[in-house]
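Asker: This is what each chain is made of:
There are 2 protein chains.
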Amino acid sequence: MNDAASRHMSPEEFRRWGHAVVDWIADYQRRVAELPVLSQVKPGEIRAALPASPPARGEPFDAILADVDRLILPGITHWQSPNFFAYFPANTSGPSILGELLSAGLGVQGMLWATSPACTELETHVLDWLAEMLDLPAKFKSSGTGGGVIQDTASSAVLAALIAARERATGGATNQLGCNGKLTAYTSSQAHSSVEKAAGIAGVGRSQLRLVDVDETFAMNPEALRSAIARDRAAGLTPFLVCATVGTTSSNAMDPLGPIGQICRESGLWLHVDAAMAGSAAVCPEFRWIHAGLELADSYAFNPHKWLFTNFDCDCFWVADRAALIRAFSILPEYLRNQATQSGAVIDYRDWHVQLGRRFRALKLWFVIRYYGVAGLRHHVREHVRLAQAFADWVRADPDFEVVVPPPLNLVCFRHRAGDDFNRAMLECLNASGRLYLTHTRLGDRYTLRLCVGQTHTAPGHVAAAWDLIRATARQAANGG
Amino acid sequence: MNDAASRHMSPEEFRRWGHAVVDWIADYQRRVAELPVLSQVKPGEIRAALPASPPARGEPFDAILADVDRLILPGITHWQSPNFFAYFPANTSGPSILGELLSAGLGVQGMLWATSPACTELETHVLDWLAEMLDLPAKFKSSGTGGGVIQDTASSAVLAALIAARERATGGATNQLGCNGKLTAYTSSQAHSSVEKAAGIAGVGRSQLRLVDVDETFAMNPEALRSAIARDRAAGLTPFLVCATVGTTSSNAMDPLGPIGQICRESGLWLHVDAAMAGSAAVCPEFRWIHAGLELADSYAFNPHKWLFTNFDCDCFWVADRAALIRAFSILPEYLRNQATQSGAVIDYRDWHVQLGRRFRALKLWFVIRYYGVAGLRHHVREHVRLAQAFADWVRADPDFEVVVPPPLNLVCFRHRAGDDFNRAMLECLNASGRLYLTHTRLGDRYTLRLCVGQTHTAPGHVAAAWDLIRATARQAANGG
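Here the protein sequences come in this chain order: A and B.
For the first sequence, the working numbering assigns the number 665 to the initial residue and increments by one for each residue that follows.
For the second sequence, the working numbering assigns the number 665 to the initial residue and increments by one for each residue that follows.
This is chain A alone, in the form it adopts within the complex (with noise of 0.2 Å):
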């Protein structure tokens, strides 16, 4: 119990234990790799651990400090790992911590310009260089009549989007007097999850969205598309937006957006292109490939918090008409009239999305651009995708396992060819090692492993030990283990 039950931490204070935490992460940061990646706890346990009731007194910081590695770190799974190879990366590096803890210092508002204009003016700059940086059509940049916005995730950029695309589609109607059942929307029948749920959320419902049959790279096939806009138009429905994918979750498919955006532009439906991971690689020249087609949307995005070295959350949106996006959240009440809103001249995010307040993110992002530089970034994801190709050619090598589907850039979809139970065992085995962690997913109806190489500090030994291991657990299973 301190003195400090009734005071505030100083400012000298502050230093002193924040000085105490940047020494805990770089500590951590040394010895992660170290650390079994999935946390192997039950549930319950760290609950168990910690008091029943919050306490009356204050208490010291360096107790609490070391509570974190008693009570909490047990119950952590890696994600910044080098031998984080699962679902999608969320990789951060030194810079973006430090935005992200200036955002914090800083503790401001952004939902409006006057709040803090630098917070917005930031944003609205660094995602005109983003822009810039993937070669984005011009269009999504604020000199135009778009813009980006960061928002925290791509579930939220969808919803976004597909609440613009529903209010241009029925001329603003929707959002006041409801929606009645007959919009259609429209997206692969792999396309993440998020799509399904922001259907439901808006009340267009989900079973109204419309899972469009796949090809061989599991992509989406334009002709199943537009003979389901045609199926729903002479039904009577409303198809008012599809929903693109460049790299799926499952297997990092592309969606062609070049053939899918012109059945788009000939049917007046919103095309969203949700880029969350794979955008990432566009910095780089040789894979802008996958944005091929991309003149054609009306709304983009992609998340650094996964695969750009920026901490979550940092999803980046952009519209080609910021004008539709704005119709379809403004709200002005009294309290937050403003001259320079009234004025016209600035840009309010708080229109831009579901919530009304909002952070500085835009800080970490300027630190990871400006400290990495153009070239740096390109370096990193390069060596990425690099990896992971040598991680394929391994696999086809080997005649017990094979690659499921052509990895296009830093995710594998494998499996040994022992069968599904095998294949999910070994999986189980894998990660209860706790030397690496993978996840899986089913492709053609089949138990599929996925080696994903995107975490910040994965270099090409990780990856060779990762190889090792599961070629080593798969042939201890097909002993008998």
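The hints are simulated quantities; they were obtained by calculation from the structure and are not laboratory data.
Glycine residues also receive a C-beta, built at the ideal position from the N, C-alpha and C atoms.
Misleading hints may appear alongside valid ones.
[What the hints assert, rightly or not] Estimated spans, in silico, between C-beta atoms of each pair: (1) B/Glu998 - A/Arg895: 20 to 30 Å; (2) A/Arg991 - B/Ala987: 34 to 44 Å; (3) A/Thr902 - B/Cys1093: 44 to 54 Å; (4) A/Ala956 - B/Ser853: 36 to 46 Å; (5) B/Pro715 - A/Arg991: 26 to 36 Å; (6) B/Ala713 - A/Gly808: 33 to 43 Å; (7) A/Ser1097 - B/Pro1124: 51 to 61 Å; (8) B/Gly836 - A/Arg895: 19 to 29 Å; (9) A/Glu676 - B/Ala802: 41 to 51 Å; (10) B/Glu998 - A/Arg991: 29 to 39 Å; (11) B/Ala713 - A/Gln840: 21 to 31 Å; (12) A/Gly808 - B/Gly900: 45 to 55 Å; (13) B/Glu887 - A/Glu998: 19 to 29 Å; (14) A/Ser1097 - B/Ala720: 38 to 48 Å.
Given the coordinates of chain A, work out where chain B should sit on it, guided by the hints.
Answerer: Frame of chain A; chain B shown alone:
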């Protein structure tokens, strides 16, 4: 240009620059009271100082940090100044900032229990602690049918409540089939704009939200609510949700939860209670009257990121029936399946909100509660209320000014008796001085100034200086400026 163009920040470099950023924040905390509270830059001024294109090569970290002072700081409105009395506060504290830093350093995803068990379990646990600290009804605790979750903002919380209520009212049909234009919701004419925004987003329709009349304290009139519901039922519509406010944004008005809750019970409507700022007051037993009747609510939210020393974002949202919430948001694609989820023994918070990904926000809340203890938090909240009440007394004692509505807690609505134009000019003059920041609203159709005491370091001297400046500015304006 540094060697880091293709290199990551090493742990030792992170240690060095981390200490530098911590020092920057400690120094900022020392000087923030002296900085002009409201940024005085013009639209476009910040962007004009930034390079048009991103840097090709990486830059040294100290150059980036120097640019924070040079390019960013002039565009900051200082929400952490003790002279910030605008809007609602977004207060922070040392332990909270360090909790956020640690969360960024760990960089884990809490979308599923399995992706970092501690992230989920600490959140559930700390929200149970908070339910105890605010003396919330037992049904909101995770030990029963309910439970709490951290949302980003109160806007997202009201959207989540609305979606869950919509599904309960339609037996899950809306999520699947979409809205049908028949659902109606209710809130007071003084409620936050986020309720109307949520009704639009969810496809219920903004015009399907009835803005119920208020009494002379600007609190919802329960009889007007009852009539509105009856009218809609008679018209064949489906009333499904009431959103009551504990502490409206304009004037901190308190909707009478008991009578409103009774009506909801009788009519089978979901009652959501938004206590975004004022909820924090309930850490003090003497202010718990604001929650009288809360046992009749289905969901409740308040924001520790407003008035409980926890940096944005951190909205705490509880439901009495977590199954209803989960049914509304759940989707389980193959790539997220895992043993823990299938066992049913764990919480997967991705099913409690719009987003899939989520960061480890419980850490900062845990740090704050432990560092201050319940007694410390009570002390500071109590002191803010005392300061606001003292300010109200000074206003009442001055014949040129009036208190517009009795201030229940820490927000004082007041005005000069010389009329709207005078008050508007006075506010502009005050904010242009940089010595404080106030915002306005309209109450009873009259321009009204708001002074909200809630920034962490606001002390008696800051409130006294604010009153001196307000009176001096008024005298000067009365004498023709």
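Asker: Please go over all the hints and tell whether each is borne out by the structure.
Answerer: Okay, the hints, checked on the actual structure:
1. For the pair B/Glu998 and A/Arg895, the beta carbons lie near 27 Å from each other, so the given range of 20 to 30 Å is met.
2. Range check, A/Arg991 to B/Ala987: Cβ separation about 36 Å, and the 34 to 44 Å hint holds.
3. The hinted window of 44 to 54 Å between A/Thr902 and B/Cys1093 holds, with their beta carbons roughly 52 Å apart.
4. As the Cβ distance of A/Ala956 to B/Ser853 is approximately 51 Å, the hint placing it in 36 to 46 Å is violated.
5. Between B/Pro715 and A/Arg991 the Cβ separation comes to about 32 Å, which falls inside the hinted range of 26 to 36 Å.
6. A hinted range of 33 to 43 Å is violated for the C-beta pair B/Ala713 and A/Gly808, which are about 22 Å apart.
7. For the hinted restraint 51 to 61 Å between A/Ser1097 and B/Pro1124, the CB-CB distance of approximately 60 Å keeps it satisfied.
8. Separated by about 26 Å at the C-beta atoms, B/Gly836 and A/Arg895 satisfy the suggested range of 19 to 29 Å.
9. Checked against the given bound of 41 to 51 Å, the beta carbons of A/Glu676 and B/Ala802, roughly 42 Å apart, stay inside it.
10. Between B/Glu998 and A/Arg991 the beta carbon distance is about 37 Å. The supplied range of 29 to 39 Å therefore holds.
11. In this structure the hint that B/Ala713 and A/Gln840 lie 21 to 31 Å apart at CB is violated, the actual value being about 41 Å.
12. As the Cβ distance of A/Gly808 to B/Gly900 is approximately 47 Å, the hint placing it in 45 to 55 Å holds.
13. For B/Glu887 and A/Glu998, the hinted distance range of 19 to 29 Å is satisfied, since their beta carbons lie about 26 Å from each other.
14. A beta carbon spacing of about 42 Å between A/Ser1097 and B/Ala720 agrees with the range 38 to 48 Å that was offered as a hint.
Comparing the model with each numbered hint stated earlier shows that hints 4, 6, 11 do not hold.
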